[in-house]
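Make the full structure from the sequences, and use the hints.
Residue-level listing of the chains:
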Amino acid sequence: MTIGHYLLRRLAFALLLVLLVSSAAFLLTRLAPGDFTIEQGLTITAEERARLAADLGLDRPLAVQYGAWLGRAVRLDFGPSFLYSRPVADLLGERAANTAVLALAALIVATVLGVPAGVLSGRRAGATRRVVRGVSLLLLSVPPLVSSLVLVWIAARTGWLPLGGMTSLASDGSWSGWVADLARHLPLPVLALALPVAATLERLQSQALAEASREPFVAAAVARGLSWDRAVAAHAWPASLRAVLSVYGLIIGALFSGSFIVEVVTAWPGLGRLMYDALRARDLYLVAGCAATGAAFLAVGTLVSDLLLRWADPRLGGGGVSR
Amino acid sequence: MTRTALLLAATLGALAMAGPWIAPYAPQAQHRDFMHAPPMPPRVIDEGGLRAPFARPVVLADRLDQRYEVDEGRALPLPWGAPAGSDPVFLLGSDRLGRDVLSRVLHGARASLGLALVSTLGALLVGALLGAWAGYRGGWPDEVLMRVSEFVLVLPLVYVVLALRAVLPLVLPGTTVFLVMAGIFTLVAWPWAARGVRGIVAAERERDYVAAARAAGASPARVIWRHLLPACAGYLAVQATLLLPGFILAEATLSFIGLGFPDSLPSWGTMLAEAANVSSLARFPWTLAPAVAIFLVVLATNIAIERHGHTPLPIDRGTR
Numbered sequence: 001m002t003i004g005h006y007l008l009r010r011l012a013f014a015l016l017l018v019l020l021v022s023s024a025a026f027l028l029t030r031l032a033p034g035d036f037t038i039e040q041g042l043t044i045t046a047e048e049r050a051r052l053a054a055d056l057g058l059d060r061p062l063a064v065q066y067g068a069w070l071g072r073a074v075r076l077d078f079g080p081s082f083l084y085s086r087p088v089a090d091l092l093g094e095r096a097a098n099t100a101v102l103a104l105a106a107l108i109v110a111t112v113l114g115v116p117a118g119v120l121s122g123r124r125a126g127a128t129r130r131v132v133r134g135v136s137l138l139l140l141s142v143p144p145l146v147s148s149l150v151l152v153w154i155a156a157r158t159g160w161l162p163l164g165g166m167t168s169l170a171s172d173g174s175w176s177g178w179v180a181d182l183a184r185h186l187p188l189p190v191l192a193l194a195l196p197v198a199a200t201l202e203r204l205q206s207q208a209l210a211e212a213s214r215e216p217f218v219a220a221a222v223a224r225g226l227s228w229d230r231a232v233a234a235h236a237w238p239a240s241l242r243a244v245l246s247v248y249g250l251i252i253g254a255l256f257s258g259s260f261i262v263e264v265v266t267a268w269p270g271l272g273r274l275m276y277d278a279l280r281a282r283d284l285y286l287v288a289g290c291a292a293t294g295a296a297f298l299a300v301g302t303l304v305s306d307l308l309l310r311w312a313d314p315r316l317g318g319g320g321v322s323r
Numbered sequence: 001m002t003r004t005a006l007l008l009a010a011t012l013g014a015l016a017m018a019g020p021w022i023a024p025y026a027p028q029a030q031h032r033d034f035m036h037a038p039p040m041p042p043r044v045i046d047e048g049g050l051r052a053p054f055a056r057p058v059v060l061a062d063r064l065d066q067r068y069e070v071d072e073g074r075a076l077p078l079p080w081g082a083p084a085g086s087d088p089v090f091l092l093g094s095d096r097l098g099r100d101v102l103s104r105v106l107h108g109a110r111a112s113l114g115l116a117l118v119s120t121l122g123a124l125l126v127g128a129l130l131g132a133w134a135g136y137r138g139g140w141p142d143e144v145l146m147r148v149s150e151f152v153l154v155l156p157l158v159y160v161v162l163a164l165r166a167v168l169p170l171v172l173p174g175t176t177v178f179l180v181m182a183g184i185f186t187l188v189a190w191p192w193a194a195r196g197v198r199g200i201v202a203a204e205r206e207r208d209y210v211a212a213a214r215a216a217g218a219s220p221a222r223v224i225w226r227h228l229l230p231a232c233a234g235y236l237a238v239q240a241t242l243l244l245p246g247f248i249l250a251e252a253t254l255s256f257i258g259l260g261f262p263d264s265l266p267s268w269g270t271m272l273a274e275a276a277n278v279s280s281l282a283r284f285p286w287t288l289a290p291a292v293a294i295f296l297v298v299l300a301t302n303i304a305i306e307r308h309g310h311t312p313l314p315i316d317r318g319t320r
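Protein chains in written order, with this note's numbering: chain E, 1 to 323; chain H, 1 to 320.
The hints are all genuine.
For the chain E half of the interface with chain H, some residues (derived, Cβ under 8 Å), not all of them:
1. PRO33
2. SER141
3. LEU145
4. ARG157
5. LEU163
6. PHE260
7. VAL287
8. ALA295
9. ALA299
DEER-style ranges, computed between Cβ atoms:
10. ASP65(H) to VAL304(E): 48 to 54 Å
11. GLU215(E) to PRO173(H): 55 to 61 Å
12. VAL135(E) to ARG96(H): 30 to 36 Å
13. ILE22(H) to LEU11(E): 53 to 59 Å
14. GLY93(E) to ARG226(H): 55 to 61 Å
15. SER264(H) to VAL64(E): 38 to 44 Å
16. ARG63(H) to LEU19(E): 55 to 61 Å
17. LEU6(H) to VAL304(E): 38 to 44 Å
Honestly, the hints are just simulated from the structure, not real lab data. From the three backbone atoms N, C-alpha and C, an ideal C-beta is built for every residue, glycine too.
Here it is in structure tokens:
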């Protein structure tokens, strides 16, 4: 199968996934008892509620409403958000970008911390290996919910970092000021998200490197006169990369799910937080839009990681899917 | 691995069962004069001499500020078997309503660990049966099952779980919540078990002992149950240890955002939700005790996985 065919098939699958997930979210939210007008509670009268429902189009039959929504959604018009009185597409764009910033930064931090640590501990047995492995096991056991709470506590105690949010009002509005402000708000959520992932990468890299070091070609390199470190760096490490790269698809999923709770705890204005607000307010179109974006996020993430894997391991000529 | 996993499950199960019995106080008992009281660690050394474990009482120094001072002059017996009417002893401190954090963590273990264990069992059972059937039968059921499981595995599960839970009324009684969450977790996690079991069964099906069993007249159900599923035990044990922490976290996440257990039923998630107030978090960090409980359980499962040569993944299989 050529790369073009492969890409086409994967993209078709991703589109189908996005369509099914957003439709399911739409139908579930629509069929659930209550709607946006009911969530207004006693602040509005029965007539006002009926008028609001008519204005928002919530009084139409399910099939009509779904059809109309789907017809617009395929043109990337996801309808209005009742809660924010803005087009859902605009909201999604902003919030998805914030989540992407968080997840990407966490992915980079996890890679930069985890892979070298794994090389360090996988190179040879000894005290270093035991220490790194112990730290990894501890970090692996701190899920994002726990790590973000603990980091917020530390930040509240020490005042080193802002407790939450993405920017503060204190920023002077200039572009450089905004970046500096963002840089101060990023470390807390990014660390909360990245530390367990870094530990996973360390464990995988360490095990893969130790395994690859036992291969005959490494012994052959040493027999040719290479030092052990050189043989590991030049021969064992490249061979071990496949095992590490193959989990990036899973890790993108883990980052995506972890970012939901980190966003809620640290008030990061991302997609997870938006979905949460939308669900609570029964903001129908926003729920469906968030679900669609979430599915698209994951589909693109796994596709990118699979392409990376194909590039790293040419043996996967076929439609190799990492799992 | 099977034995390690069973041991782990038995320990956690016993903890979930026994938690409420060990708890010194009722989870909802409010001690109005001891709001946000600090932990009173048990001590054994008194004025240079050893004695039975006791705790120093704390005395309210500033009610508005919720500041306490340790009374070094008095000794209180530990809460188990203490005479009625004696001052309460909060080994892990108390929360904003003056409820004993230790008692609530122990009661919460029943909700959190119980739910995780039941969900794990459910996901393994459904996954193993479907996977074994597909692997044994082959043909279209196999094809359909694998496509469906592939689809479930790539879903953005946080959003699916949230949407499924949000469909139901927000406030439900504790037992209903337990069943609903166990159902949702099973629904999104069975493919992890099914795919591996299917692979093992499809390979084992061709072996001589299966042919022998079939020749002896065993029905497909019997062949699967007595001969093929035992071959999957090791795989299922690994899956169980990977799923369990995910479910604990999924419960904590849902309860944290108010879509899980109701306030009246303490779970680790509802406790964390109450603790997560920034201003109180800085001053009363002992309310994070359930986070430590989650950490310890996840650590235990990770050590079990790691010891058997597998890599623990931070993949919240319940919530991905």
